[in-house]
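Residue numbers (this note's numbering), protein chains in the order written: chain H, 174 to 649; chain P, 559 to 917.
Keep in mind that the hints are not guaranteed to be accurate.
[Stated by the list, open to error] Non-contacting residues of chain H with respect to chain P, defined by C-beta distances greater than 12 angstroms in every case (computed):
1) Arg198
2) Pro319
3) Met387
4) Ala397
5) Leu513
6) Phe592
[As the list claims (entries may be wrong)] Partial list, derived from the structure: chain H residues whose beta carbon lies under 8 angstroms from chain P:
7) Ala353
8) Arg357
9) Asp359
10) Asn360
11) Thr386
12) Ile567
13) Pro617
14) Arg618
15) Ala626
16) Arg637
17) Ala638
18) Asp639
Rather than coming from a laboratory, the hints here were simulated on the basis of the structure. We put the CB at the ideal spot given by N, CA and C, even for glycine.
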Amino acid sequence: MTITSLDFALFAALVLAVYYLLPRRPQNVLLLVASYLFYGTWSWDYAAVLAVLTGLDFVAAWGLARPAWPRQRRRALLWAVIALNLAALGWFKYAGFFVGDLATTLDDWGIHAGAGGLDTVLPVGMSFYVLGAISYLVDVYRRQVPPARDPVAFALYMAYFPKLLSGPIERARTFLPRLAAPRRVDNETLARSLTLIMTGLVRKMVIADPLNTMLPPDVFAYPARFGPLELITWLLVYAFALYNDFAGYTSIVRGVSGLFGIELASNFNVPYFARSFTEFWNRWHSTLSLWLRDYIYFPTSRALLRRNPSRANVPNLILPPMLTMLASGVWHGTGWHMLLWGALHGGYLVGERLLSFGRPVVPSAQRPRWRQVMAAGLVCGLVVLAWVPFRMEIGTALDYWRALFDWSNLQRPSYRPWFLLLPGLWIDYMHYRAADEWVFLRWPRLVQAALLALAILALLLVTRADSGAPFVYQGF
Amino acid sequence: MKLLRSNDPPTLQLRFPCGQTLVLAVLIVALVVIAAEGIAHLPFVSERLPTAVGSRSRVFDINIGLMDQLAENKGGIDCIYLGSSVVLNGINPAVVSAAYQAQTGQELVCYNFGVLAATADTNAELAELLVKRYQPRLLVFGFTLRALAAAVTQGETVYHDIVDSPWMAYQRGEPNLNGWLIDHLRVYRNYLALRNWMQPTFSNDLYDLIHAPEDGYHPFFATHPLDLAVVQPPFYFTDFVLDPVNWDGLQRIVALQGQTQVLLLEMPVPDFMLGSFEDGPEGYQRMFEAFRQEFEPGGVPLWTTSPLNLITFDGWAEDALHLNDSGAAVFSAWLGEQLAAAVRDGVLPAPALDVSLSR
């Protein structure tokens with residue numbers, strides 16, 4: 174059951190109808206049952222994996238919080254449980270890749286080992302809920318959050334269906350209190366939730382899906398067949414399709430969750446308008462960025478600063494961002510090209526730190542306007558260039574970059590994507606200018622209605638067109 | 559029950575009125591659709607914008623709109639050529655009509671409704687629809703053994719692409735909203751003709767749509783000559799098995815006799831292909847003779863072409879299964895003359911009314 178399907182709309186409506194009749198505690202039970210039913214529509218095997226990990230993490234957290242246990246024992250338990258979670262994720266996500274690589278290497282040496290029996294399929298959403306579980310375990314170990322007493326609430330933290338497939342990656346310290354509090358869905362919540370759903374549907378179905386469909390089938394396989402202007406256009410199309418796809422998804426699930434009176438974290442905030450790479454990662458998939466910051470960047474940085482607590486600690490300028498972004502690359506997928514993508518972003522962040530080293534820190538917003546615009550253009554351009562290895566294998570990525578600068582083949586690019594890119598940019602600009610994703614709710618009612626009518630018409634038209642692309646981020 | 563009792567306030571706390579923006583938006587949508595429908599009916603617009611009916615079979619999808627246009631321009635359609643790609647590439651209505659008119663002096667308005675890969679079961683569905691919709695005087699079903707064979711590649715896919723479409727279901731009397739909207743909203747049909755706007759091939763598709771032939775004929779222009787060394791006879795010649803579903807389809811087409819004049823037409827097959835038939839050319843002709851005896855007593859003639867050697871070697875496409883443009887011209891002229899002769903001899907009723915009376 175996909176988030177944009179009619180089946181999902183009916184499912185959510187049915188759950189909501191029962192939900193509003195119940196007090197809070199049975200509401201959580203209902204949401205948990207609904208979440209597993211929803212996951213079961215994808216695969217009951219996936220649901221079983223989730224249930225096993227949930228049980229394991231719930232019990233382990235009580236051990237991590239035991240005051241009588243010495244720190245070493247608690248630490249050993251923490252690493253053991255994290256290892257089990259990562260092993261499960263690693264098995265499903267990376268086994269095929271590494272065994273495949275090993276088999277290829279052995280084949281090169283004349284040993285035909287094969288990789289039979291290791292055709293594992295990653296349970297959808299696993300990359301997201303495993304990160305949620307690890308953050309919970311670490312926070313309990315650090316005594317930043319008490320272990321969950323209510324197994325239903327904890328199971329719901331892991332499985333809550335609006336965020337199950339692709340996040341946002343919530344933290345137990347903020348999500349569990351929301352599950353314990355009474356909920357209220359009033360006119361304002363309803364308007365904000367429906368605005369999020371509508372914006373998300375437009376981003377996903379009207380902008381991202383058609384952009385993805387417009388991409389020529391061989392542009393990311395044989396880039397040398399295209400001229401640089403075409404390659405630039407299609408790379409922009411890919412970049413904005415990816416963004417609108419994931420931002421649209423997040424917006425929809427936040428809206429749906431809002432109808433249940435449960436707020437989910439915002440994941441995207443106009444990332445292509447960022448004026449630095451640090452700002453970009455605060456605006457793009459920010460729940461993942463914050464997770465990586467809290468559980469990889471900060472611990473690495475703290476460890477380095479303990480050895481040399483100076484601002485001129487060069488390893489501290491380089492290693493934490495590089496390790497963090499490499500981890501991000503590994504999380505996003507198997508393949509050396511993902512590592513290259515992570516290394517590129519690590520390099521961007523390191524470069525940014527080295528360039529500003531020793532200078533007074535001036536917030537981006539306080540710089541002259543022309544510098545902000547130039548910086549946003551540069552950051553956007555470099556981010557878009559980095560999507561090349563994100564999308565294709567290293568060899569093809571190199572071909573793509575090379576072909577971008579082969580100006581001997583100047584074919585006119587297609588103008589059609591701009592009919593979708595420009596409305597997408599307009600939505601972004603409105604959000605950016607008002608620093609508010611509900612800016613449309615402040616407009617006069619007639620204008621709101623006209624905009625909503627336009628969105629409804631656009632959705633009607635795209636649903637009657639030839640398309641049908643899945644959410645890109647469900648593959649991670 | 560304790561679980562269900564709580565002092566918490568209810569979750570849903572809406573104040574009324576609410577939803578005015580949504581109601582206003584729906585009203586605007588309705589107004590926009592009504593205005594667009596009005597514009598779509600303006601002659602200046604309707605003559606220029608193509609229509610489609612939302613089927614996954616692109617040829618069928620566009621053909622209905624083109625036929626509607628032809629019927630509107632000419633005041634009706636006299637005859638329809640139905641079949642698969644062998645008809646689509648093999649019968650040029652303009653040449654047939656010219657040959658017919660040369661003999662009878664009457665103009666013949668015909669449309670080639672050949673649908674790629676369609677077998678007899680699909681054609682039966684189409685025949686019933688087209689006869690009801692356009693009431694032609696003559697329905698020509700052109701076929702080779704492929705139309706009747708079992709396990710034909712793509713045959714079932716094309717069937718479902720056409721028959722399962724909401725508009726076709728609505729035409730069969732199965733109520734559905736989408737089919738109703740397609741049938742009643744011209745602006746929707748206009749949009750459906752352009753609904754592949756997001757596909758990479760859109761520019762080429764749009765060009766083809768704008769330049770679509772008004773009589774449905776798609777000539778096959780050979781890119782290289784027929785090479786007998788590389789052509790293999792298809793399995794439905796070497797190992798023909800009659801498919802009961804397709805046979806039933808043929809019976810359904812024949813059953814339309816009475817609502818229109820049905821004519822069965824064996825589409826040409828090269829001589830060397832006949833040799834690969836199980837019992838050779840004689841066995842092939844015996845099979846068509848059996849078909850003739852089955853249907854002619856009901857007033858449905860079957861015209862065979864295999865013994866006539868109408869098409870010379872350079873009239874075949876490189877796959878030897880289809881006629882190229884020059885082969886189609888020869889065959890279509892023959893068909894026009896045969897029709898004129900049959901009308902003159904009283905074998906067939908005149909498919910076209912006298913020009914001065916009908917138009």
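Here's how the hints hold up against the structure:
1. A cut-off of 12 angstroms between C-beta atoms contradicts the statement that Arg198/H is not in contact with chain P; the least separation is 6 angstroms.
2. A cut-off of 12 angstroms between C-beta atoms confirms that Pro319/H is not in contact with chain P; the least separation is 23 angstroms.
3. With a least beta-carbon separation of about 5 angstroms from chain P, Met387/H fails to lie farther than 12 angstroms from that chain, contradicting its non-interface assignment.
4. Distance check for Ala397/H against chain P: the nearest CB is about 18 angstroms away, which clears 12 angstroms, and the non-interface claim stands.
5. Non-interface call for Leu513/H relative to chain P: holds, since the shortest CB-CB distance, roughly 27 angstroms, exceeds 12 angstroms.
6. Not every C-beta of chain P lies more than 12 angstroms from that of Phe592/H, the closest at about 9 angstroms, which undercuts listing it as non-interface.
7. A hinted interface residue such as Ala353/H counts as satisfied when its beta carbon comes closer than 8 angstroms to some beta carbon of chain P; here the least separation is about 11 angstroms, so the hint is violated.
8. With a least beta-carbon distance of about 6 angstroms to chain P, the hint placing Arg357/H at the interface is held under the 8 angstroms criterion.
9. Interface hint at Asp359/H: satisfied, since its Cβ lies 5 angstroms from the closest Cβ of chain P, which is below the 8 angstroms cut-off.
10. Taken as an interface hint, Asn360/H checks out: its beta carbon lies about 5 angstroms from the nearest beta carbon of chain P, inside 8 angstroms.
11. For Thr386/H, the shortest C-beta to C-beta distance to chain P is roughly 4 angstroms, which falls under 8 angstroms, so the interface hint holds.
12. Nearest Cβ of chain P to the Cβ of Ile567/H: about 25 angstroms, over the 8 angstroms cut. The hint is violated.
13. Interface hint status for Pro617/H: violated, as the beta-carbon distance to the closest one in chain P is roughly 10 angstroms, over 8 angstroms.
14. Here the hint on Arg618/H is kept, as its CB sits about 6 angstroms from the closest CB of chain P, short of 8 angstroms.
15. Interface restraint check for Ala626/H: the shortest CB-CB distance to chain P comes to about 4 angstroms, inside 8 angstroms, so the restraint holds.
16. With 8 angstroms as the threshold, the beta carbon of Arg637/H comes within range of chain P, its nearest partner Cβ sitting at about 6 angstroms, so the hint holds.
17. Annotation: Ala638/H was flagged as interfacial toward chain P, and the flag holds, the nearest CB pair being 5 angstroms apart, inside 8 angstroms.
18. This hint holds: Asp639/H has a C-beta 5 angstroms from the nearest C-beta of chain P, less than the 8 angstroms allowed.
Hint check: violations occur at hints 1, 3, 6, 7, 12 and 13; the rest are consistent with the structure.
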